[in-house]
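Chain residues, written in single-letter form:
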Amino acid sequence: MLSRLKRDLTMADVARGAGGSRIDLLVVSTMVEPGSRVLDVGCGDGELLRLLTDTREADGRGIELSREGVNECVAKGLAVIQGDADTDLADYPDDAFDYVILSQTLQATRNPRAVLEHMLRIGRHAIVSFPNFGHWKIRLKLLFEGQMPQTDNLPYAWWESPNIHFCTIKDFQSLCLVTGAKIRRAVALDPWGRPLQLNAPWWFWNLFGEQAVFLLSRKD
Amino acid sequence: MADIEQVNSPNTAPDVRGREADEPRASLIARFDTPLKLDAGVELAPVQIAYNTYGTLNADRSNAVLVCHALTGDHHAASDNPVTGKGGWWETLIGPGKPIDTDRYFIISSNVLGSCMGTTGPASTNPATGQPWGLSFPVITIRDMVRAQAMLLDHLGIDTLFAVVGGSMGGMQVLQWASSYPERVFAALPIACATRHSAQNIAFHEVGRQAIMADPDWRGGRYLLDGSNPRRGLAVARMGAHITYLSDAALHRKFGRKYQDRATPTFSFDADFQVESYLRHQGSSFVERFDANSYLYLTRAMDYFDLAADCGGVLANAFKDTPTRFCVISFTSDWLFPTPDSRATVHALNAGGARVSFAEIVTDKGHDAFLLDEPELFAIVRGFLEGAGKARGLAAAQPREAR
Chain A
1 MLSRLKRDLT
11 MADVARGAGG
21 SRIDLLVVST
31 MVEPGSRVLD
41 VGCGDGELLR
51 LLTDTREADG
61 RGIELSREGV
71 NECVAKGLAV
81 IQGDADTDLA
91 DYPDDAFDYV
101 ILSQTLQATR
111 NPRAVLEHML
121 RIGRHAIVSF
131 PNFGHWKIRL
141 KLLFEGQMPQ
151 TDNLPYAWWE
161 SPNIHFCTIK
171 DFQSLCLVTG
181 AKIRRAVALD
191 PWGRPLQLNA
201 PWWFWNLFGE
211 QAVFLLSRKD
Chain U
1 MADIEQVNSP
11 NTAPDVRGRE
21 ADEPRASLIA
31 RFDTPLKLDA
41 GVELAPVQIA
51 YNTYGTLNAD
61 RSNAVLVCHA
71 LTGDHHAASD
81 NPVTGKGGWW
91 ETLIGPGKPI
101 DTDRYFIISS
111 NVLGSCMGTT
121 GPASTNPATG
131 QPWGLSFPVI
141 TIRDMVRAQA
151 MLLDHLGIDT
161 LFAVVGGSMG
171 GMQVLQWASS
181 YPERVFAALP
191 IACATRHSAQ
201 NIAFHEVGRQ
211 AIMADPDWRG
221 GRYLLDGSNP
231 RRGLAVARMG
241 AHITYLSDAA
251 LHRKFGRKYQ
261 DRATPTFSFD
271 ADFQVESYLR
281 HQGSSFVERF
291 DANSYLYLTR
301 AMDYFDLAAD
311 CGGVLANAFK
321 DTPTRFCVIS
331 FTSDWLFPTP
341 DSRATVHALN
351 AGGARVSFAE
361 IVTDKGHDAF
371 LLDEPELFAI
381 VRGFLEGAGK
391 ARGLAAAQPR
401 EAR
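Respectively, the protein sequence lines represent chains A and U.
Position 206, counted from 1, in the first sequence is what the numbering used here calls 206; the numbers after and before it change by one each time, with no gaps.
Position 299, counted from 1, in the second sequence is what the numbering used here calls 299; the numbers after and before it change by one each time, with no gaps.
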């Protein structure tokens with residue numbers, strides 16, 4: 001299921017910044033240059049698109065799997081189509097956007113590598129945010145309970161979870177390496193949506209970041 | 001309850017149909033002597049266009065919305081139809097405070113070329129002969145209809161349309177508008193349509209046409225001259241087509257296997273079932289208002305519609321670098337123009353770099369859902385037009401209570 005309507009980020013949902021926006025979306029929005037063309041893949045109810053339009057004067061488009069999400073967005077005047085990241089990104093031409101955003105959706109795609117490659121083909125930049133499976137709470141659950149972790153943020157039992165491709169921050173860096181994506185910026189957020197210290201080492205982020213946001217571009 | 005035999009009784013004189021084609025009631029009329037160049041390679045002159053307008057054109061002439069009607073529709077979109085005595089066919093959507101808001105937009109609804117409600121078509125009188133055009137009327141296309149509409153807009157002094165909106169054949173016109181005159185269309189709303197008519201749809205149309213032509217009263221298309229009317233043929237064509245506008249679920253919900261005014265079957269070919277009676281009524285009421293030859297020409301125009309073929313076989317070329325913003329809408333139970341058709345349109349628009357929205361609406365009402373009470377359709381049309389209006393710099397809608 002590729003939808004931010006049933007999002008996993010219950011904590012981040014509570015943690016809202018100025019103007020009532022979700023912190024992780026605010027972090028994403030600061031990575032977008034004003035006046036850019038943006039494609040939000042899995043745009044849910046259009047909260048990020050609205051934020052980008054209002055605060056970054058972006059020309060925003062969205063793809064959303066759930067029909068309710070799409071119809072809600074279109075009724076709000078947003079340019080959103082019903083579609084699937086795994087199949088429909090192939091229909092977009094090269095360099096159609098300045099930014100292609102995948103927010104809290106990567107782990108639910110069937111082929112994360114292909115999705116990321118398409119994002120970097122369609123857009124000059126890609127912004128990816130995802131839950132970090134390397135967070136200490138998840139590690140402890142697996143270590144002591146010996147079961148797939150279920151947390152407030154990731155509440156599904158393993159057999160019904162839409163999240164079929166979990167990764168850690170370190171794992172995501174590996175994906176960037178194999179796809180030839182250049183990491184321009186990265187931010188890890190703690191469970192309250194606060195950014196971890198920028199100068200902290202990667203292992204620290206991987207242990208204490210509950211989610212991460214990466215700004216990527218093609219290697220020049 | 002109507003049946004086919006009753007349909008055959010001539011209670012509408014043929015000249016009445018001709019009169020509506022030449023001198024439509026409750027209509028504005030524009031006449032053009034400059035010939036209209038048609039896809040068939042011939043020129044048509046003179047051309048008359050019947051239309052209606054709702055709302056007021058603003059000083060910038062930037063709030064005009066063209067509403068395109070479907071196969072058997074007309075220009076009485078939001079006002080009483082003088083032929084049927086019923087309200088406009090899109091009063092659900094057009095009106096003060098409604099999604100296509102007459103308080104904000106200037107709405108133009110014109111009868112298509114080839115129709116029989118006041119715009120030049122086979123039922124109109126050919127001034128060169130003083131007789132109805134009949135089959136001497138040239139075969140027309142969706143693009144020809146759009147050319148005629150563009151001529152009307154020139155006449156009205158409207159350079160750019162704020163929006164073009166339409167369902168079914170009206171949606172085809174919307175797509176043709178966006179492809180032929182991208183710089184004249186700010187926003188396009190094609191509903192329940194496709195960029196080409198499918199083989200199955202051509203097949204359905206052919207059955208309808210054959211039914212008309214098989215009626216001896218069709219008289220090789222000269223029935224208006226002979227004072228006859230191929231009522232049975234046209235009614236059968238309508239009955240067949242009407243099934244394609246509904247859905248199995250809708251028919252089941254409405255009629256099921258229920259009997260019409262009887263408890264048991266009559267063991268005859270009478271209209272035992274409610275669904276039969278309903279279809280017969282649809283057929284018989286249709287022949288009261290529509291010209292058989294027009295039905296032939298308009299179905300043909302839809303059959304020929306294929307935007308990709310006009311653009312070197314590549315649909316995306318039809319919308320390359322288009323400045324128009326689109327909102328494509330389909331319905332889950334529409335099997336005449338199913339969602340994959342709309343999805344193909346969306347893919348082509350994306351490939352062309354267009355700003356496009358696409359929504360599929362869940363309904364069991366079939367293709368005709370675009371004419372019916374569908375709150376989700378209304379919300380989407382309203383939201384899309386309001387968003388586009390903001391981008392166009394149109395004044396925001398005022399809350400109705402405030403006025």
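The reader is advised that the hints may include incorrect statements.
Unchecked claim - Coverage of chain U stretches by chain A, computed from C-beta distances (three or more under 8 Å per stretch; other residues unrestricted):
hint	stretch
1	244–256
2	338–352
3	357–370
Said to hold, decoys possible - Result set (DSS-like, lysine-lysine): computed pairs, CA atoms no more than 25 Å apart in a straight line:
hint	chain 1	residue 1	chain 2	residue 2
4	A	Lys141	A	Lys182
5	U	Lys98	U	Lys390
6	U	Lys390	A	Lys76
7	U	Lys98	A	Lys76
8	U	Lys254	U	Lys86
9	A	Lys182	A	Lys170
If you're looking for bench data, these hints aren't it; they were derived computationally from the structure.
Just so it is clear, CB atoms sit at the ideal spot from N, CA and C, and this is done for glycine as well.
### Query
Can you list which hints this structure breaks, lowest number first?
Structure breaks hints 1, 4.
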